[in-house]
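Colleague: Sequence:
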Amino acid sequence: YKSALVYINHRSGSGSYERVDTLNNLARLYEKNGQNKEALDNYAQVGTIRERQNGENSLLAIKSRLNWARVAGLMDKPEAEALFERCLKSVEKADRQKEADGYKKVVSELAVDYPSYLAKHERATMLSEVKVRLTALESAPAATTSATDDTTNATASKTAGPGTPAVQVNAPASVLPGTVASPRDSVS
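1 is the number of the first residue of the sequence shown in the working numbering; add one for each residue after it.
A couple of the hints might just be wrong.
To be verified - With a straight-line Cα cutoff of 16 Å, these simulated EDC-like cross-link-like pairs (lysine to aspartate or glutamate) come out:
| hint | residue 1 | residue 2 |
| --- | --- | --- |
| 1 | LYS131 | GLU92 |
| 2 | LYS131 | GLU109 |
| 3 | LYS120 | GLU92 |
| 4 | LYS89 | ASP76 |
| 5 | LYS77 | ASP113 |
| 6 | LYS104 | GLU81 |
| 7 | LYS131 | GLU85 |
| 8 | LYS105 | GLU92 |
Keep in mind the hints are simulated off the structure, nothing from the lab.
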């Protein structure tokens with residue numbers, strides 16, 4: 001992995017997004033071998049890059065920040081609690097409907113790692129608050145949308161061509177594109 005990083009840095013520059021997977025794999029290897037300082041350095045780079053690349057509340061950024069927080073916590077680094085809290089806030093803000101399984105896994109990891117860190121550092125008040133927030137996330141449905149029935153109206157627009165106004169059709173969701181509307185449906 002180190003050789004791959006040297007090659008990527010030489011070819012694309014040290015700020016290249018191409019190196020993020022290699023940095024992450026190297027961090028995992030360091031963590032597995034108990035080399036937490038090296039793992040922490042790599043996870044910090046991965047977290048920073050993925051936040052810039054995908055946004056603070058993206059699944060990849062949260063996963064990366066969680067790895068960073070976990071190792072920082074193991075090393076009793078002062079930034080660990082802030083990193084865990086940012087992970088939790090990002091998950092709370094994120095659209096968990098997208099990639100629901102991935103977010104569910106992150107929430108379950110966060111539900112283990114963050115409380116463990118707080119318990120280790122005797123932060124009882126914060127621990128109980130975090131547990132309540134995590135429980136709410138774990139029990140929240142992954143998708144908040146429900147199936148629609150035939151009486152739910154949906155609006156569709158269709159433009160006949162250049163210079164022709166759009167026609168709005170209010171019809172049950174079940175009769176949009178390619179289906180027949182019933183006489184109770186209206187055209188406006």
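Colleague: Taking 16 Å as the top limit, are the C-alpha atoms of LYS104 and GLU81 close enough?
Modeller: Between LYS104 and GLU81 the Cα gap is close to 21 Å, so the pair fails against 16 Å, i.e. violated.
Colleague: Does the structure keep LYS105 and GLU92 at a Cα separation of 16 Å or less?
Modeller: 14 Å, holds
Colleague: Would you mind confirming whether the straight-line C-alpha gap from LYS77 to ASP113 stays at or under 16 Å?
Modeller: 14 Å, holds
Colleague: Does the alpha-carbon distance linking LYS131 and GLU85 stay inside the 16 Å limit?
Modeller: Roughly 12 Å separates the two Cα atoms, so the pair holds.
Colleague: Has the given pair, LYS120 with GLU92, been kept, meaning a C-alpha gap of at most 16 Å?
Modeller: 24 Å, violated
Colleague: Keeping to a limit of 16 Å between CA atoms, is the pair of LYS89 and ASP76 held or broken?
Modeller: 21 Å, violated
Colleague: Need the status of pair LYS131, GLU109: alpha-carbon distance at most 16 Å?
Modeller: The given pair, whose Cα atoms are some 13 Å apart, holds under the 16 Å limit.
Colleague: Holds or violated: LYS131 with GLU92, Cα cutoff 16 Å?
Modeller: 13 Å, holds
Of the numbered hints listed earlier, those contradicted by the structure are 3, 4 and 6.
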